[in-house]
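K.L.:
Just so you know, the sequences run in chain order R and E.
Note that the first sequence covers residues 28 to 399 in the working numbering.
Note that the second sequence covers residues 28 to 399 in the working numbering.
There's no promise every hint is true.
Identical copies look the same in the list; a pair holds intra-copy or inter-copy alike.
When the alpha-carbon atoms are kept at most 25 Å apart in a straight line, the in silico DSS-like pairs for lysine-lysine are as follows [what the hints assert, rightly or not]:
id : residue 1 : residue 2
1  : Lys394    : Lys175
2  : Lys255    : Lys175
3  : Lys96     : Lys349
4  : Lys175    : Lys96
5  : Lys113    : Lys97
6  : Lys277    : Lys319
7  : Lys96     : Lys113
8  : Lys175    : Lys277
9  : Lys93     : Lys349
10 : Lys319    : Lys96
11 : Lys255    : Lys39
12 : Lys93     : Lys319
No wet-lab data here; the hints were simulated from the structure.
Just so you know, these numbers come straight off a predicted model, no measurement behind them.
2 protein chains.
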Amino acid sequence: MPAYAIYNTPHKDFNLLHWGHFDAPDAYFALKVGEQTMAFVSELEYDRCRAVGTFDNVFLWSDIRKELKKRFRSGSFWQNFFQFLKDTYAVERFVVPDDFPAAIYAEISRQIPVAFDASFFEGQRAIKTDTDLSEIREACTLTADVLKEAIRILRESAVEEGVLYFEDEILTSERLRAMMEVYCLERGGIADGTIVACGRDGAYPHCVGSGALRAGELIVIDVFPYLKTSHFYGDMTRTVVKGHATSEQKNIYQAVLDCQTALLEQLRPDVLTSDLQTFALRFFEQRGYGLKRTEFGTEGFIHSVGHGIGLDIHEYPSVGSKPIALKPGMVITVEPGLYFPTVGGVRIEDDVLITNDGCEILTSCDKTLELS
Amino acid sequence: MPAYAIYNTPHKDFNLLHWGHFDAPDAYFALKVGEQTMAFVSELEYDRCRAVGTFDNVFLWSDIRKELKKRFRSGSFWQNFFQFLKDTYAVERFVVPDDFPAAIYAEISRQIPVAFDASFFEGQRAIKTDTDLSEIREACTLTADVLKEAIRILRESAVEEGVLYFEDEILTSERLRAMMEVYCLERGGIADGTIVACGRDGAYPHCVGSGALRAGELIVIDVFPYLKTSHFYGDMTRTVVKGHATSEQKNIYQAVLDCQTALLEQLRPDVLTSDLQTFALRFFEQRGYGLKRTEFGTEGFIHSVGHGIGLDIHEYPSVGSKPIALKPGMVITVEPGLYFPTVGGVRIEDDVLITNDGCEILTSCDKTLELS
Numbered sequence: 028m029p030a031y032a033i034y035n036t037p038h039k040d041f042n043l044l045h046w047g048h049f050d051a052p053d054a055y056f057a058l059k060v061g062e063q064t065m066a067f068v069s070e071l072e073y074d075r076c077r078a079v080g081t082f083d084n085v086f087l088w089s090d091i092r093k094e095l096k097k098r099f100r101s102g103s104f105w106q107n108f109f110q111f112l113k114d115t116y117a118v119e120r121f122v123v124p125d126d127f128p129a130a131i132y133a134e135i136s137r138q139i140p141v142a143f144d145a146s147f148f149e150g151q152r153a154i155k156t157d158t159d160l161s162e163i164r165e166a167c168t169l170t171a172d173v174l175k176e177a178i179r180i181l182r183e184s185a186v187e188e189g190v191l192y193f194e195d196e197i198l199t200s201e202r203l204r205a206m207m208e209v210y211c212l213e214r215g216g217i218a219d220g221t222i223v224a225c226g227r228d229g230a231y232p233h234c235v236g237s238g239a240l241r242a243g244e245l246i247v248i249d250v251f252p253y254l255k256t257s258h259f260y261g262d263m264t265r266t267v268v269k270g271h272a273t274s275e276q277k278n279i280y281q282a283v284l285d286c287q288t289a290l291l292e293q294l295r296p297d298v299l300t301s302d303l304q305t306f307a308l309r310f311f312e313q314r315g316y317g318l319k320r321t322e323f324g325t326e327g328f329i330h331s332v333g334h335g336i337g338l339d340i341h342e343y344p345s346v347g348s349k350p351i352a353l354k355p356g357m358v359i360t361v362e363p364g365l366y367f368p369t370v371g372g373v374r375i376e377d378d379v380l381i382t383n384d385g386c387e388i389l390t391s392c393d394k395t396l397e398l399s
Numbered sequence: 028m029p030a031y032a033i034y035n036t037p038h039k040d041f042n043l044l045h046w047g048h049f050d051a052p053d054a055y056f057a058l059k060v061g062e063q064t065m066a067f068v069s070e071l072e073y074d075r076c077r078a079v080g081t082f083d084n085v086f087l088w089s090d091i092r093k094e095l096k097k098r099f100r101s102g103s104f105w106q107n108f109f110q111f112l113k114d115t116y117a118v119e120r121f122v123v124p125d126d127f128p129a130a131i132y133a134e135i136s137r138q139i140p141v142a143f144d145a146s147f148f149e150g151q152r153a154i155k156t157d158t159d160l161s162e163i164r165e166a167c168t169l170t171a172d173v174l175k176e177a178i179r180i181l182r183e184s185a186v187e188e189g190v191l192y193f194e195d196e197i198l199t200s201e202r203l204r205a206m207m208e209v210y211c212l213e214r215g216g217i218a219d220g221t222i223v224a225c226g227r228d229g230a231y232p233h234c235v236g237s238g239a240l241r242a243g244e245l246i247v248i249d250v251f252p253y254l255k256t257s258h259f260y261g262d263m264t265r266t267v268v269k270g271h272a273t274s275e276q277k278n279i280y281q282a283v284l285d286c287q288t289a290l291l292e293q294l295r296p297d298v299l300t301s302d303l304q305t306f307a308l309r310f311f312e313q314r315g316y317g318l319k320r321t322e323f324g325t326e327g328f329i330h331s332v333g334h335g336i337g338l339d340i341h342e343y344p345s346v347g348s349k350p351i352a353l354k355p356g357m358v359i360t361v362e363p364g365l366y367f368p369t370v371g372g373v374r375i376e377d378d379v380l381i382t383n384d385g386c387e388i389l390t391s392c393d394k395t396l397e398l399s
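Chain R with its partners taken away, still in its complex shape (with noise of 0.2 Å):
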């Protein structure tokens, strides 16, 4: 039988959390065998971890080190250990993802049976259980919830001078940031890096934006809060302008627009995310903006159309230029956008659940463009 391994943190490998529901600071280590789970934890971890863990078994590893000392007279920890778990689970051979850690794979592989198997580790929080739906929709609706937050202040601010003004304060992307984090950290998610991009600022899409907003200019919000109680992820993106748009702004939002309403009607089981990928670059290029370098940077669609999302914000399926077959269960996120380093940004992204013959959207807040 394989068994499949795990050594890492669950903030850096999120299916150790799925597997047994135990959160903590420090790495520890997992195995599956068939359908028995177990972890092998420190002294400070291994009463929390059997009360409030899922793992069938829990270990401490100073009982198992004990019990190596016995079993072995040479050898490394590692080594031993894994010779140990084979003996004790029959394992043929041990199944572990592609990050685990190269020193400990290096000191085992020439012993010990080692494979690599990136499908499986992708695969096990591809399609959502109920319980991860139930609360990925919680998130949704916080995340739409901070956004209309943002949406409601942006309104309501007074214009002077071309800059905005809330509360008879500047409006900064850093003021309405934390205005948006604070939001939702009240109601139980927390936010980190939310960007609000004004003008040339949106034209780095990982760019968080600085300074004063200003009227007229092209404002990228994009928020991406979990739920502290599961670690749940939303993420969402609305682009607007206070005031009027120009042309030049209103035909680069529609083309996004239009855009991305194409792409979540091409959205169900079995549909190509490489297809999607190529359609929307199809789709700019006919708009005219295709993907080109210039002087001041590239501009155009510099990035992939979506990700997968759930316990972590970036998880499988990539929805880029690798081909992965959609599956009904499947959360991803839809983000096209158009970038231009003398303009700005705009980007319009929404979560939606691939059903059996279409898809649902999980996140709700009007695509208005200009605000008054």
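Start from chain R and add chain E according to the hints.
P.N.:
Using the frame of chain R, we list chain E on its own:
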């Protein structure tokens, strides 16, 4: 010349963030050859990495792929990429961290000389720079402010039938944690997993705590926020009793406080971390609080004396059973604690900088047990 390589996301390997000051949600590749640093990123991150990062060179994966196609007729992407780096930078051997992705290691290690050097990677951030230190001081001040706010709320709480009330509402672990975390976020820090563990909850060092806070019971408060701007952490714990403590609680508390004081007095360069761990274990034994397994769980001092702290919450050096010599410029936590499944826990934790002749405490907050 050796070349040091990392392939990870900056929040899974903070050396990446420290090398090039470039934060991103996805993995990228970085190389250090002599004093030269370089990053290899996607189109999505290219312009931003060049604008805000401090890498000497930034390369686009798509350009590299084109170059590899020209140069190589066979071989996998990673094999060819490492061969290309080896040729281009006259690399004798690549040195990678222990948690380098095993799948890549397995692919390249037959053709390319790859070695591990944990001490190099561990050492990258162990001695704090002046910039690091100024961020850590700020993080520690914020951490202490959040803890003081918690203690203020506990002091101002009323007790009715043994339960704490603040502003006429029951004060639960969840509510106090939420108030602390919002207070922290409003001041630029993100605290997640803040521990407010009352009574038996405190017996598990990493249990965050739940339910109504009660007078006369030990309450462990452990908060460890990072600054949103720089991601440097602070980490502090205090233990209090609202109202009167029993003599058992007072004795446990005094043992932990005396142990921490004695540990702080021993800190100076060249002291071995393992000697501190042994000291703490013996100290508690002599006070009658030896480590023992009971039918209800493990009691005593069940974790290590502390850990390095910086961009990551737990980083090198660990202050536990592995002997590591302290050096000036290291920042560590000093956090002895005692845990009793049927009573609860006591932990007192401060962050200290190792100086040339001792240590400087970076976190300051009262250590009174009883709050009237």
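K.L.:
At most 25 Å between C-alpha atoms: does Lys93 with Lys349 qualify within a copy, between copies, both, or neither?
P.N.:
between (47 Å within a copy, 17 Å between copies)
K.L.:
Are the CA atoms of Lys96 and Lys113 at most 25 Å apart within a copy, between copies, both, or neither?
P.N.:
Intra 16 Å, inter 42 Å, cutoff 25 Å: intra-copy only.
K.L.:
What label fits Lys319 with Lys96 when the C-alpha limit is 25 Å: within, between, both, or neither?
P.N.:
Between copies, since 21 Å is at most 25 Å while 62 Å is not.
K.L.:
Can you tell me if Lys175 and Lys96 fall within 25 Å by alpha carbon in one copy, between copies, both or neither?
P.N.:
neither (60 Å within a copy, 47 Å between copies)
K.L.:
Taking 25 Å as the upper bound on the Cα-Cα distance, should Lys255 and Lys175 be classified as within, between, both, or neither?
P.N.:
Classified as both: same-chain Cα gap 20 Å, cross-chain 23 Å, threshold 25 Å.
K.L.:
If the cut is 25 Å between Cα atoms, do Lys394 and Lys175 qualify within a copy, between copies, both or neither?
P.N.:
Within one copy only: 11 Å inside, 43 Å across.
K.L.:
One pair to classify: Lys96 and Lys349, alpha carbons no more than 25 Å apart. Within, between, both, or neither?
P.N.:
between (47 Å within a copy, 18 Å between copies)
K.L.:
Cα distance capped at 25 Å. Does Lys255 pair with Lys39 within a copy, between copies, both, or neither?
P.N.:
Classified as both: same-chain Cα gap 16 Å, cross-chain 20 Å, threshold 25 Å.
K.L.:
First find the shortest C-alpha distance between Lys277 and Lys319 inside one copy, then the shortest across copies, and answer within, between, both or neither for a cut-off of 25 Å.
P.N.:
within (21 Å within a copy, 70 Å between copies)
K.L.:
Please sort Lys113 with Lys97 into within, between, both or neither, judging by C-alpha distance up to 25 Å.
P.N.:
Close inside one copy (16 Å), not across copies (45 Å); limit 25 Å.
K.L.:
Using 25 Å as the alpha carbon limit, work out where Lys93 and Lys319 are close: within a copy, between copies, both or neither.
P.N.:
So Lys93 and Lys319 pass the 25 Å test across copies only (16 Å; inside, 62 Å).
K.L.:
Can you tell me if Lys175 and Lys277 fall within 25 Å by alpha carbon in one copy, between copies, both or neither?
P.N.:
Answer is within: at 21 Å inside a copy they meet the 25 Å cutoff, but 50 Å across does not.
In summary, the one numbered hint that this structure violates is 4.
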